[in-house]
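Fit the two chains together into the complex; they arrive one by one in their own frames, and the hints show the way.
First to last, the sequence lines map onto chains A and B.
According to the numbering used here, the first sequence is numbered sequentially starting from 169.
According to the numbering used here, the second sequence is numbered sequentially starting from 4.
Because the hints were derived from the structure by calculation, they are not lab data.
Computed from a prediction, not measured in an experiment: that's the story for all the values here.
Among these hints, one or two may not hold up.
[To be verified] Below, computed lysine-lysine pairings styled on DSS-like, alpha-carbon distance capped at 25 Å: (1) K209/B to K169/B; (2) K239/A to K448/A; (3) K120/B to K448/A; (4) K183/A to K222/A; (5) K496/A to K387/A; (6) K205/A to K169/B.
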Amino acid sequence: MVKAIEQEQTGRYGKFGGQYVPETLMTALIELEDAYKEAQQDPAFYEELNYYLKDYVGRENPLYFAGRLTKKLGGAKIYLKREDLNHTGAHKINNALGQALLAMRMGKKKIVAETGAGQHGVATATVCALFDLECIIFMGKEDVRRQALNVFRMELLGAKVVSVDQGAGTLKDAVNEALRYWVANVEDTHYILGSALGPHPFPQIVSDFQRIIGLETRKQIVEKEGRLPDAIVACIGGGSNAIGMFHPFVEDEDVKLYGVEAAGSGLDTGLHAAAIADQKEGVLHGAYMYVLQDDNGFIQEAHSISAGLDYPAVGPEHCHLHDIGRVKYEAVTDQEALEGLQLLSRTEGIIPALESSHAIFYAANLAKEMNKDDILVICLSGRGDKDVQTVRDALGGNNNGN
Amino acid sequence: MAIKTLQKVMEAKVAEGEKAFVAYIMAGDGGLDSLREQILFLQDSGVTAIELGIPFTDPVADGPVIQEAGLRALEAGANLRNILKTISTFKEEIHTPLVVMTYLNPIIAYGIQNFIKACKQSGISGLIIPDLPLEESTIITSELQGTDIALVQLVSLTSPQQRIEKIAKTAEGFIYAVTVNGTTGVRQEFTEQLEQHLANLKIASKVPVLAGFGISNAQQVKEIGAMADGVIVGSAIVQAFHDGNNKQITELLRKQPV
Numbered sequence: 169m170v171k172a173i174e175q176e177q178t179g180r181y182g183k184f185g186g187q188y189v190p191e192t193l194m195t196a197l198i199e200l201e202d203a204y205k206e207a208q209q210d211p212a213f214y215e216e217l218n219y220y221l222k223d224y225v226g227r228e229n230p231l232y233f234a235g236r237l238t239k240k241l242g243g244a245k246i247y248l249k250r251e252d253l254n255h256t257g258a259h260k261i262n263n264a265l266g267q268a269l270l271a272m273r274m275g276k277k278k279i280v281a282e283t284g285a286g287q288h289g290v291a292t293a294t295v296c297a298l299f300d301l302e303c304i305i306f307m308g309k310e311d312v313r314r315q316a317l318n319v320f321r322m323e324l325l326g327a328k329v330v331s332v333d334q335g336a337g338t339l340k341d342a343v344n345e346a347l348r349y350w351v352a353n354v355e356d357t358h359y360i361l362g363s364a365l366g367p368h369p370f371p372q373i374v375s376d377f378q379r380i381i382g383l384e385t386r387k388q389i390v391e392k393e394g395r396l397p398d399a400i401v402a403c404i405g406g407g408s409n410a411i412g413m414f415h416p417f418v419e420d421e422d423v424k425l426y427g428v429e430a431a432g433s434g435l436d437t438g439l440h441a442a443a444i445a446d447q448k449e450g451v452l453h454g455a456y457m458y459v460l461q462d463d464n465g466f467i468q469e470a471h472s473i474s475a476g477l478d479y480p481a482v483g484p485e486h487c488h489l490h491d492i493g494r495v496k497y498e499a500v501t502d503q504e505a506l507e508g509l510q511l512l513s514r515t516e517g518i519i520p521a522l523e524s525s526h527a528i529f530y531a532a533n534l535a536k537e538m539n540k541d542d543i544l545v546i547c548l549s550g551r552g553d554k555d556v557q558t559v560r561d562a563l564g565g566n567n568n569g570n
Numbered sequence: 004m005a006i007k008t009l010q011k012v013m014e015a016k017v018a019e020g021e022k023a024f025v026a027y028i029m030a031g032d033g034g035l036d037s038l039r040e041q042i043l044f045l046q047d048s049g050v051t052a053i054e055l056g057i058p059f060t061d062p063v064a065d066g067p068v069i070q071e072a073g074l075r076a077l078e079a080g081a082n083l084r085n086i087l088k089t090i091s092t093f094k095e096e097i098h099t100p101l102v103v104m105t106y107l108n109p110i111i112a113y114g115i116q117n118f119i120k121a122c123k124q125s126g127i128s129g130l131i132i133p134d135l136p137l138e139e140s141t142i143i144t145s146e147l148q149g150t151d152i153a154l155v156q157l158v159s160l161t162s163p164q165q166r167i168e169k170i171a172k173t174a175e176g177f178i179y180a181v182t183v184n185g186t187t188g189v190r191q192e193f194t195e196q197l198e199q200h201l202a203n204l205k206i207a208s209k210v211p212v213l214a215g216f217g218i219s220n221a222q223q224v225k226e227i228g229a230m231a232d233g234v235i236v237g238s239a240i241v242q243a244f245h246d247g248n249n250k251q252i253t254e255l256l257r258k259q260p261v
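One chain only, chain B, in its complex shape (with noise of 0.2 Å):
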């Protein structure tokens, strides 16, 4: 099976000697006009990849900052369809990985085929879809053979050694490593467990492991980035793009270590 552009991507990266740094935004809040805009923004800065949020209307693995922007983008009228219709316009300009960040039920009212083929369309490389676990992942792997489209798998803290080794043997483009036990959102501290978690995480994991969930400033892109082979950077970001303080996400990247 030929490895795919997210994970040369990220691998490369891991290669330079770097870290990685993957953008979260709410795709469609500040209205679909703003997403240009904000992808073409974050290219610029460097980022590794771009996961897209889509937005729902009962999205349980998100804390309030994303919650918040997600109703905003509701309001604005964005959804999965017109969110990769909208991607599709300016696909040429980017050249930055996307990942789709969606729960499982609007894939599956878009259809799960019609929704590979958007995203065939927009150019997308990766899915997040943080309500399939392993178990139930067939129905979307089944799809994404043969394409260039990689399914982030998830692990927890809570996930066994046994688990964890399950999920990394079937793992591509990155692990999504979530570092807290609970939803997105800005934390003050991490378990002390984390930094065994991860290095445990690394060996069992032949793809790159990229640490998330309540990283929000450069401190934690530096203490977390440093146990891992990157971070993913959500409610600080996206909460940043709402008040219009773009330099915030600058220095966030500017910080990150070398």
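Isolated chain A, as found in the complex (with noise of 0.2 Å):
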């Protein structure tokens, strides 16, 4: 299923990407991107990653057809390419699992991971689990207080899972105190970086391994239509599901790629996580990207309703997707993703994630401005069962729903 792809050695996407880390990580980068290059080239790696995406994670997952939301929105057919059906409830199982085989190639028996939603934190306890590997989470205060379910679904998975306090809690101090015990303990300890993010050959090595959720829509949709889609909508966060499902389509350039950044409270309030929109270059957790910042390079706390987005920066090569024009990236408020939420779950009897219901929402609006004969593709990165209580809150007893 997976294959191995061509790319660029110098780990820059146009001017973004790169390796802005301490001294003392450089030799693990280096040593990662050895070891991956080496198993891309061993078939075995492949087959057994493989076997584990089909028997264990439940891949390949359906791209199914959206019948009643698509009639109800009277434009373009809706496929749902479902990554929630995963193992985990989410695409964040696919690169976790990769990259614990890579930790395993290289004879590294403990993992460190950082989580936002608590999504990638579960796939990471759930391979330390499946695998034997010792695993350490991060995440932030507020996160854990606001993702209660899966901090114990993480302990469950005989996990430790460490509450980050410093700055507003969330996912970038999460990622930062996951850096600082990685450089204390790099030499037993690989990191699994959980989206597209980080310094190389993270980006790309993430990139990869989500890039199945591309592949297998590709595949699913000639079948099932004789023809690539017209358009296809992902959220974006850091950036890596929507990464696994552009990858394949870029040179297509009949498919029209939409990523949704989370606008929070609003674009103008300040208060979003949108980092494309905000378009301030700069350098955080190791790549030049675009990075939520004031003008002394201070970097700002992201602010949106889905912790999974909720990161002040965007993946490297997203960037360079965005200033050579292939993706448009637009923004989507929480009030916005928490309509695409209920949509979605009245039309289709599915609760997406917060994260997905941003795709959502901004897909639902375009679906309405194509033609009948259109095909849109929107990547279900997530399930939306952690969310319950956060959108039992924010919709309140005398809104529930209607």
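Here you go:
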């Protein structure tokens, strides 16, 4: 299913990317790059990965025709790529699995990871249980609060979850602590970075392991429709589900690609997570990207109802795809995402994750403007079970979905 | 290429058979107003150079003491621009080399050329950028050519020999030998490999080798200092200034081996 692809060697996507890390980590990054290159040449690596993707994760997952949603909106035919049906409930497991197998190739038995919504943490804790690896997960204090169930899930799986107090206690702060931990334990520990972020080679590795989303979609849509879709929509935090979905379509110029950032309370309020919309370049967590920051270069806190999008930068490849105009990046507010979540729940009986709900809201508007014989694919990156409490709090008692 | 002032000062110290002592402060901790007092105090105490930490929101290389000092400095409104500007107001009084320690993003936000210009105006002798490894360093070194500002490279315990040699070849000012795998801050003990590591590093390097990270008491200053050309002390000095315990700093300096 997954095949190795050729990538540029420099770790750059146009001017974005790079390796801005403390010297202590450089050797580990070079080692990771070498191990990954070696794995890419080894059919046995992909055989093992594909075995687990099929029999453990449950791939391939369906590309589902959302008939009622299509009818209700009255525009393009809408398909949902059902990453929510994966084991652990989101696309994150694709990457966690691949990186855990890589860690074992490097002889590393300890894993550190960060998590925002908890989906990547759960996926990492899951593969660590599966392969008997020691697992420590850093999670922002605020995220521990709003994703309490996922914290317990990780603990059930045998992981140690560390709550991070610094900053606003969200994903950025969790990455800081995970990086500090990695620096101190680099010799026997692999860092499973959860999004298409961080220093080279992480963005490339994460993108490659998530690429299966787009590869399956491509095959499935051709089987069902006999052609490629006209448009694809995915949500963007760091951008791992989106890059995985987009990558196999980047060279098909007739397929329009849309990445949806979190506009939080609104772009004009300053309380959002839309780094591409904000257009300030800088370095965070090892890579040159679009980063939310003030005039002094101090990183600003991101704001989003969705913990998984609550990150002040966007992965380097997305920044480049924006610059060359290949992908159109838009932003959707908390309120709009909540509407998207309710829309899909009621029309299709699928409760999407709040992250994915951003894509759904945007896609719903887009579909209306498209023709009936056009095809639109939404990457349904995760399921909404983890968000039910947050959504209930947001909608309140008086407006319980009505 | 002319040898830069920072390196000359370090080499002179070594030539005298003494150990260099670099003191780190978090600029703006206690307010920008206390910057002059802190720098002149350290100068009068006889430090070889002063490392000027710039506060940052996401200091991934720093441990708890410097993180907290950074937050205090941020709350006091300190940033790269106003710190350099403050320094420029009393630079005539400073005769000890100043080395700016900042993460890369504030430099990018400032604009690299504007930043270097401001450094020149404030008489800065060196830069330490913990998230700028050798592979990425040309964005800064290209702008430093023809200036008297040295980019100090870091070498870690995890750097393999070949890499150490590569870094040593481009080194100027001094080499910052990171003595632990981890962040800055107080340590009880150091790895047994450290002595051998520092010995190898001294052979590979044509510039003085200073050891830093985790060196927090007079005993460690003496022990680690003996293995290198000098030491860098951060968290202990930051904490002492915060506690108003300047005497403790004098103690650290007095006990340095000769």
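Structure-based check of each hint:
1. K209/B to K169/B: Roughly 12 Å separates the two Cα atoms, so the pair holds.
2. K239/A to K448/A: With a Cα-Cα distance of about 40 Å, the restraint between K239/A and K448/A is violated, given a limit of 25 Å.
3. K120/B to K448/A: holds, 22 Å
4. K183/A to K222/A: violated, 37 Å
5. K496/A to K387/A: Holds, at about 23 Å.
6. K205/A to K169/B: Satisfied, since the Cα-Cα distance of roughly 23 Å is no more than 25 Å.
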